[in-house]
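2 protein chains.
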Amino acid sequence: MTNTASHAWAALAAHHREFGEKHLRDLFRDDPDRAASLSLSFEDILFDFSKQRLTQGTLDLLVGLAEAASVPEAIRRMFDGERINTTEKRSVLHVALRRFSGPFPDARTDVMPDVLATRGRMAKFAEQLRAGKSQGAHGMAIHDVVNIGIGGSDLGPKMVSQALRALAHPTLKVHYVSNLDGAQLAPLLQTLDPRTTLFIVVSKTFTTQETMLNAETARQWLRANLGGEVDLARHFAAVSSRPERAAAFGVGPERVFPIWDWVGGRYSLWSAVGLALMIAIGPHAFDELLRGAERMDEHFRATPLARNLPVVMGLIGVWNTNFLGAATHAVLPYNESLKYLPSFLQQLEMESNGKSVGSAGDPVGSATCPIVWGELGNNGQHAFFQLLHQGGRLVPCDFIASVRSDYPLPGHQEALLSNCFAQTSALAFGKTAEEVRESMERENVAPEEIAGLLPHRVFAGNQPSSTLLLKSLSPATVGALIALYEHKVFVQGAIWGINSFDQWGVELGKAMASRILPAFADPSLASALDASTRALLAYCRRPS
Amino acid sequence: MTNTASHAWAALAAHHREFGEKHLRDLFRDDPDRAASLSLSFEDILFDFSKQRLTQGTLDLLVGLAEAASVPEAIRRMFDGERINTTEKRSVLHVALRRFSGPFPDARTDVMPDVLATRGRMAKFAEQLRAGKSQGAHGMAIHDVVNIGIGGSDLGPKMVSQALRALAHPTLKVHYVSNLDGAQLAPLLQTLDPRTTLFIVVSKTFTTQETMLNAETARQWLRANLGGEVDLARHFAAVSSRPERAAAFGVGPERVFPIWDWVGGRYSLWSAVGLALMIAIGPHAFDELLRGAERMDEHFRATPLARNLPVVMGLIGVWNTNFLGAATHAVLPYNESLKYLPSFLQQLEMESNGKSVGSAGDPVGSATCPIVWGELGNNGQHAFFQLLHQGGRLVPCDFIASVRSDYPLPGHQEALLSNCFAQTSALAFGKTAEEVRESMERENVAPEEIAGLLPHRVFAGNQPSSTLLLKSLSPATVGALIALYEHKVFVQGAIWGINSFDQWGVELGKAMASRILPAFADPSLASALDASTRALLAYCRRPS
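Going down the list, the protein sequences come from chains A and B. Quick note: the first sequence, position 126, residue 126 per my numbering, numbers continuous. Quick note: the second sequence, position 259, residue 259 per my numbering, numbers continuous.
These are computed hints drawn from the structure, not numbers from a lab. Just so you know, nobody snuck in bad clues.
Quick partial rundown of chain A residues pointing at chain B, CB under 8 Å, derived from the structure:
hint, residue
1, G182
2, Q209
3, A383
4, G505
5, V506
In silico DSSO-like links for lysine-lysine, alpha-carbon gap of 30 Å or less:
hint, chain 1, residue 1, chain 2, residue 2
6, A, K339, A, K471
7, B, K510, A, K339
8, A, K510, B, K339
9, B, K173, B, K471
10, B, K89, A, K431
11, A, K339, B, K339
12, B, K173, A, K339
13, B, K124, B, K173
14, A, K339, A, K510
15, B, K339, B, K173
16, A, K173, A, K339
17, B, K431, A, K89
18, A, K124, A, K173
19, A, K173, B, K339
20, A, K471, B, K510
21, B, K510, A, K431
22, B, K22, A, K510
23, A, K510, B, K471
24, B, K22, B, K431
25, B, K510, B, K89
26, A, K471, A, K173
27, A, K173, B, K173
28, A, K431, A, K22
29, A, K89, A, K510
30, B, K510, B, K339
31, B, K431, A, K510
32, B, K510, A, K22
Yeah, the Cβ is synthetic: ideal placement off N, Cα and C, and Gly gets one too.
Given these sequences and hints, build the entire structure.
Below you can see the structure in the form of structure tokens.
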């Protein structure tokens, strides 16, 4: 039975019919205490979901759904190391990556010796670089580290490097290259000195097209600029589960860091995939990041559903998606340093749960992951918030801000927070026609002008949002925040009956690309392709 | 009568009922010629919409809708300078900004003398800076230009600066600061030399909170670092429609560049708002950008609807949104240099048409602007494309690529284009259960494994997309591309009966922020605020 066929689901559907379009204005009027009762906190994170379109009664029913969907059992199975990634027959153990002792998940299948040994090797490598003791082929200290990876081998470390850039090494710079488009790598190379540049090639299989092509271009650039006889291995490190391929590329074994099949790319920033991040912020801050995530893991594992942040956050998403009918979910950080968080969460959520077939191969029978999108909130106010306020579309939002700035300037932080809170409030409560009329009359606007403008100045409100208010962007808080979203995704996957840890949907495009590429060199191969692709290829061949 | 009540709308609704879920596989099988017939080109842009879920018959009905909605009349009225921004009683003349001669819109209301004079002043100012002849208070040449603006005073110039960065001045650097968060401006200032830095403060009203606070911080930084008695005016320029306020801030009149009330922020990159861009790429390339846009304007004004790129693009969006029911629209550039295009289009589309009240104040009666979102396509493949392929949500996509790279590297560009074309093809045609079975059997996968995995490896396909294939990222092509989207938005606004040129939805949040800010200093003021805001403020005050 799919979870949508459960009594708990039916009870929520009935509750929704009764709840209807009940307005947040009325919900706050009817329950003056809801800001306190509909919020949770964990360490330095306040999660205020009082401006979601639900009541305590809704939450109780949602917790019932989580129980009916065996969410507690799913959590236990993940932490016990069962093979919950069923289509790939693998355990899912990214939580091991932020542990500091073993055995885990149990004495028989303990992964902690590998995890801790690798983390120790990473720390040693990072410390050498940070101390200026790692030298290129000409004996000069490395000053620039370029992470070459894409998807999970890029977004996580890049996002956290930006989030914690206030802690970055003062002179050693870390860069991220992912795109096949030469317009990313080529201009970067123009700014780098090959004698002092190290490339970290990150690919689980060490066959990822984008990564291997960028790595090959990096090698050519080094060879062309360092002279033919030098030891290029001093300019490379690698992260892969296929060390023999990294060795064949020319990376010395002591610079190849393993990853394992029990961690998916989008959950891997805590592993050696985070090497560039560790180099940027140092092993100590990296450990703090892990410890924050580990404490969130423990909260997730041990806290009753109704007070469990990832569970409640996941359930709110299910309510918005499956009962209120939201097609999208906006992520709006009010921290410049979190500017890559929306892209990171796009992958985390949409690659994990953007599926319509359940673990057992049956259709899910309900909507699953919404489109996750967003931008820095303050910038969004001056761009697309118009639609959130008056576009008539339901768009649940996560507002994320920190109390203390990581780069304080006089007057900026309180103004920033005022805007963040004001937007959540304006979205929730809106402005009625009566309120617009009153305020225009107070401004002595002429009656005929009021009549013309009034409908344009009404705000329907009732746009739901949660606010995640962090004390600061400390490594531990950033770690906890990411783990919170990871587990939220897991909860939703469990409720939708999805395996959140595979990604079969990326295969077809890769296969098609490999059929199209040869047709650039040999146009006769185009005849096997579809008519549109043939036309696009023909356009490429036109003389300009 | 709203346009949704027209016969043309009803005819489309009937056509849609008949059309149903007809699959792109079948559409291509039934009409082998559709790649040619369902594409248009304009100069160096190929617009292939053959992978949209429509036929020539659909297009004919859509053109009928455009006629019924008086789109040709709307176009004429805009170019004639009528006050089509009805709520603000203004003409809409951004097209004037890319003209090179007058009179326009007519001899009586000619704006071209102001436009051309301002463009000439901009060019002179830019050339001086580019030649190293503009000096700071200590007599040193300016090396860094910081554009301080937000929304339309940021996204357009920033997006095009990135798009045309291959043409950027080799040593003079342009930066963009928008966010209230000090974490944007403060780390930038750490990298700049105050003696050689110029700030351009861009705000139509010269009261925008974010911009004025960042400008004030910049002034304090200059004062603290340049000494008390120097002439700070040599480090500032301004773009505003309120020159007296810029003067009061301390900008010399010869460095204040005007904008006018007939151009909205999101349409203003062609004006003095583009000053930082002009400084980056030079007046000649800036002129080429304008000329490309001007030629697209002429195409839009003079081409019959069925062959008119912005009209057809707009109509396809209406078909997807209002008849197929798409809630979002993805923009997926396969050019690293177009990485800010999704953010730019978010503003352009969502701020223009994210409204549910028509020009006359009545409810629109149909869905309007979808959520516009996106990322660099190649990166998206390794992140969220899973959902596009198998998530079960209809997401129309614009794929944008250029044949020639702006930063060519051996082997990169053809691999990149192969991926772009492959994704559009995989999304459109998918992979059936039979095809999956065949391919797994060919790989000798065991029958029980085929049974288990098959449903996960099926791709439903029928995900519609358009491909915009550019010959290269030349200034003229980039200008034409932006004008194409601008006019597409205009067409959709006309069909939905919306005034695309106001933005009343940004007002309420601003007003609320100004009520919340004083409560940081005086907690007693919080009592007038809603319960959630009070709780958030209380959390901010907690000792950490």
